[in-house]
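Peer 1: Work out the full structure: start from the sequences and follow the hints.
Quick note, the sequences are listed as chains W and B, same order.
Numbered according to the numbering used here, the first sequence spans residues 14 to 170.
Numbered according to the numbering used here, the second sequence spans residues 11 to 174.
Honestly, the hints are just simulated from the structure, not real lab data.
Watch out, some of these pointers could steer you wrong.
Calculated from the model, a selection of chain B residues having no Cβ within reach of chain W, i.e. all distances over 10 angstroms [stated by the list, open to error]:
1. L14
2. E21
3. L28
4. F36
5. F126
One side only, chain W facing chain B, incomplete, derived with CB under 8 angstroms [what the hints assert, rightly or not]:
6. T38
7. G43
8. T50
9. L61
10. F68
11. V76
12. M79
Just so we're clear, the structure is a prediction, and the values are computed from it rather than from any experiment.
Backbone N, C-alpha and C define an ideal beta-carbon position, used for all residues, glycine too.
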Amino acid sequence: MIDEFTSFLETTTVAAAIRQSTLLTGFLSGLHLVGMTLIGGSALVSGLRATRAAFAEFPVPDVTRMTRRGIAIGATISVVSGLLLFAPRASTAIGSGYFQLKMLLLAGALAFHFIIHRALAGRRNASAAAMRVSGAIGAALWFAVILAGCSYILLEG
Amino acid sequence: MSVLQVCAWLESSPVGLLVRETLWGFPIVVAIHIVGLTMSAGLIAFFDLRLLGVWLTGCPVNVVYRRLLPFAAGGFAIMVVSGGMLLAGYATAAYGNTYFRLKIAALCLAALNALFYHRVTERTIASWNEAAVPPLPARAAGVTSIVLWTAVILAGRMMSYTMF
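Peer 2: Printed below as a string of structure tokens:
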């Protein structure tokens, strides 16, 4: 079933257009990185507030109103561009160890963020030290996602 | 010594060889470069949002700058060092690549934009530092910064697809 799905994706007009154009592929890859930069910058600013390293005198919502939007917009850009980059090479990607690792790490980073980090951030008595440890683990997971993505593109792309 | 001779010298350096001829050298340095970019450009974007008057409008502009600067500068340092290492690995190909030249041009323009903001626009900051929406010159600096850093990122990625 997965084979049929990846074959279908690869034969779509959009996938064919992307596969035939280095310019389009490069542009989408750049957009993917723009999305990630938005997510990363937003997460950093939120993290600085959560650990009270910056803007501690401002209520959390004042700081995170825009960072949440940044993460949402960045994630949208990353997911859409990622899917468009995946479509032309879906079967190759699915079979790649680096791609599988990236997706696994991505799932892990997201799970850590939504299950552990946000739960910790939601506690009134969460210490700055605990937030820093949680932030550091999250950052390590996201760095691993980036490294796996680079490995996939550079070693198998 | 010509530019191409300098490129060849860089490529034969230990750093150049590490990046180009080891399996993991290039991906690891690229990943570090991306992390540096995320830190620097990502945080600069939030200062630009303050200049545009759409984020943390209750905080004086120069305070937002001072709070973000150490972390953004750290990211910038990571980006410059890792970028230098990547250049050492593929200096000749980069030198002849249109998108590399566009990337460097966009970086230089971003630096000029920042310099203009700090040397000219900021002269009058006493009158608008605590304003929710800064005046047009400050907002223009913010928009220009966002556009130029986006160009840096897009040109940087295009390099990968046109250099090899």
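Peer 1: Hint numbers the structure violates, sorted upward?
Peer 2: Hint check: 4 fails alone, others pass.
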